[in-house]
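Chain by chain, the residues run as shown.
Protein chains: 2
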Amino acid sequence: MADRGFGHSHSIPVNSGTNEVEGNFSLEEDEARQNGDGPNVVLGLDGGTTSTVCVCLPLMADPNDLPDPLPLLARAVSGCSNYNSVGENAAKETLEQVITEALTKSGSNWSAVRAVCLGVSGVNHPTDQEKILKWLRDIFPSHVKVYVQNDAVAALASGTMGKLHGCVLVAGTGSIAYGFSEDGKEARAAGGGPILGDWGSGYGIAAQALTAVIRANDGRGSQTMLTSRILKALGLSSPDELIGWTYEDRSWARIAALVPEVVSCAEAGDQIAHNILTEAVKELALSVKAVVERLRLCGEDSTGSFPVVMVGGVLETKRAWDIGNEVVIYIKKFFPNAQPIRPKVEPAVGAALLAFNFLMKESEVNKHS
Amino acid sequence: MADRGFGHSHSIPVNSGTNEVEGNFSLEEDEARQNGDGPNVVLGLDGGTTSTVCVCLPLMADPNDLPDPLPLLARAVSGCSNYNSVGENAAKETLEQVITEALTKSGSNWSAVRAVCLGVSGVNHPTDQEKILKWLRDIFPSHVKVYVQNDAVAALASGTMGKLHGCVLVAGTGSIAYGFSEDGKEARAAGGGPILGDWGSGYGIAAQALTAVIRANDGRGSQTMLTSRILKALGLSSPDELIGWTYEDRSWARIAALVPEVVSCAEAGDQIAHNILTEAVKELALSVKAVVERLRLCGEDSTGSFPVVMVGGVLETKRAWDIGNEVVIYIKKFFPNAQPIRPKVEPAVGAALLAFNFLMKESEVNKHS
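Heads up: the protein sequence lines correspond to chains D and C, in order.
Be aware that the first sequence starts at 1, since it is given in full-length UniProt numbering, and climbs by one per residue.
Be aware that the second sequence starts at 1, since it is given in full-length UniProt numbering, and climbs by one per residue.
Note that these hints are calculated values from the structure, not bench results.
The beta-carbon is built from N, C-alpha and C at its ideal position, and this holds for glycine as well.
Just to be clear, a hint being listed does not mean it is correct.
Derived CB-CB ranges, DEER-like [stated by the list, open to error]:
#1 T104(C) <-> H125(D): 49 to 57 angstroms
#2 S228(C) <-> D68(D): 44 to 52 angstroms
#3 G235(C) <-> D68(D): 46 to 54 angstroms
#4 D249(C) <-> S111(D): 36 to 44 angstroms
#5 Q271(D) <-> N325(C): 30 to 38 angstroms
#6 Q223(D) <-> K367(C): 39 to 47 angstroms
#7 N337(D) <-> T278(C): 35 to 43 angstroms
#8 G235(C) <-> S222(D): 40 to 48 angstroms
#9 D301(C) <-> R250(D): 42 to 50 angstroms
#10 R296(C) <-> K282(D): 32 to 40 angstroms
#11 K318(C) <-> H125(D): 33 to 41 angstroms
Residues of chain D clear of chain C, computed beta-carbon distances all greater than 10 angstroms [claimed, not checked]:
#12 K185
#13 G304
#14 K318
#15 A320
#16 F334
#17 K367
Derived BS3-like pairs: lysine-lysine, alpha-carbon spacing no greater than 27 angstroms straight-line [claimed, not checked]:
#18 K282(D) <-> K282(C)
#19 K163(D) <-> K185(D)
#20 K232(C) <-> K318(C)
#21 K318(D) <-> K131(D)
#22 K344(C) <-> K282(C)
#23 K344(D) <-> K318(D)
#24 K361(C) <-> K163(C)
#25 K232(C) <-> K131(D)
#26 K131(C) <-> K232(D)
Please put together the full structure from these sequences, using the hints given.
Here it is in structure tokens:
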């Protein structure tokens, strides 16, 4: 998910230009390759609430034997494509724009596209999925395969290199746990946004820290180092001013950007900050536990091995108080053989690998039908 | 506060028309009474996030000997005047409109106005107060006394008939505790809005109930009767649809309107709903405790007597599971002689009485200076 960090951009190596990849194209729909300017491609899109990333990969021979590094043809970044945030028209326009840019950068064109997978936040229900599928069908010719997934699914695929198995935990501005069993069942936990209690998310952590400042100020809570740290970070002179500050702009990412201040206070020994982070760790681990148990990823006796892909700014702090590490320790209490994975590629690449895998599977099905 | 309920309107008796009140006007600025069409008046305004109420009272002789019932000249209602919600221009226009309507209904006019007090949500800092004072100074001629208070202060005055002493607890869509000591010190607790953890508010209660539904659905929490009650109330068929529902419209009052469903579930024995309400009671009582202790309203040994004015839809449920009663029981554990008051008049009348009292005090000061 493009909005999983705290304003940090991803530094993914991109082989821009016109890499010529001689794929071993075993697909029967090869006639769809309408011109010889470049290889057939798949597109992966990661549509978040702050930005949308599109990557372009050449069609490769075997999804189980991927080259390392992946031969990325191009990467493009645009604005928000979450229709809950910006409305349908703006979301759709953003998608068209970022796809066009990625194709141009890759030296490819619309007719070379074989499949597209969009991982997007705000897909919480089949009707959401259908709506966005329709946008993609409007953009592409009918022979192009289009897929829409919750952005957490693309994040999972970024850790498993396209395989839909295991559980992903995303904790950035928001948080969600999402999993797939080997027989294709899926389950999710959390991911409802701020109103629906995602307390392990960056927003959740920071909102609790702001609340602790207010409580310390009005006499309901103990004094905390969070007061001076947060006021300094926001350039405010008194806790009373926090109320106006929260009303000024209702963007959740702006609140979540305070997570590093909370981590600093916990590292400096502030008990309230420490408790907030400890609760967040528990919440995040419990959302993974709920998914793993529903899908029985851990086997009957909880000792089975399965991937847990860890994604998002909250889990990537790399600080002395390391939320991600603490979450892994907590998860391992329940499932000692859970295999934590920190993805080496971004979710948009996960989405592209999903597009590739889905396409290969459909081609297999067609071959045998 | 006009937005303290769950969409119920107030049934305050209004003597509309042109009551002739023969006041014993002891004020030296009597020359300000520029025409003889009616009595000099004071205006009280209650500006909330859902509506703004203006009432018109005649100047009376003695703030310590008020007639019962009060001789209200008129009452008018208009839209939102919280500039955090609608912006400054719209808020200011709403105020002008509702004042004009109240004066017209009372058969009075702008030149009869001696003092105006506006109790308004969103006044959290002296700069907020100054901004709104300036709007009133723009609207009225310079000899009219204008006062701006947090809406909780008007609510307190509605219970104490204009006297600023004691603590008010407001729990509607939002929640706040606000108090004054007899020597004029003031203090507040909570009132920061949803992001800053007002968990005893209607919004807080309902958001926790929605979260409980999501947690029961995804496996993080126990099953609860809240699921079927809330889905039915919202016309939704599955908990997954709640996420889209919360994103559709970010108004907090819409969330808070679910409080009666939570109360029903608690009454029917649902443990999760019961726990949510019990936590809300504790939060509300703790906000009163924080104010009372900071102002030492309870004396040195916590046995002093002081008024606790209880206002807002959350405290007025009149149900078997009575949040207001439970809050009183909790407060009395700390302060056995706290005197709960349920106001008989609305906060706009409280604001008018404040305007009257402030005016009389200024007149006293001028007389002796």
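So, against the hints stated earlier in the document, which numbers end up violated here? Of the numbered hints, just 21 does not hold.
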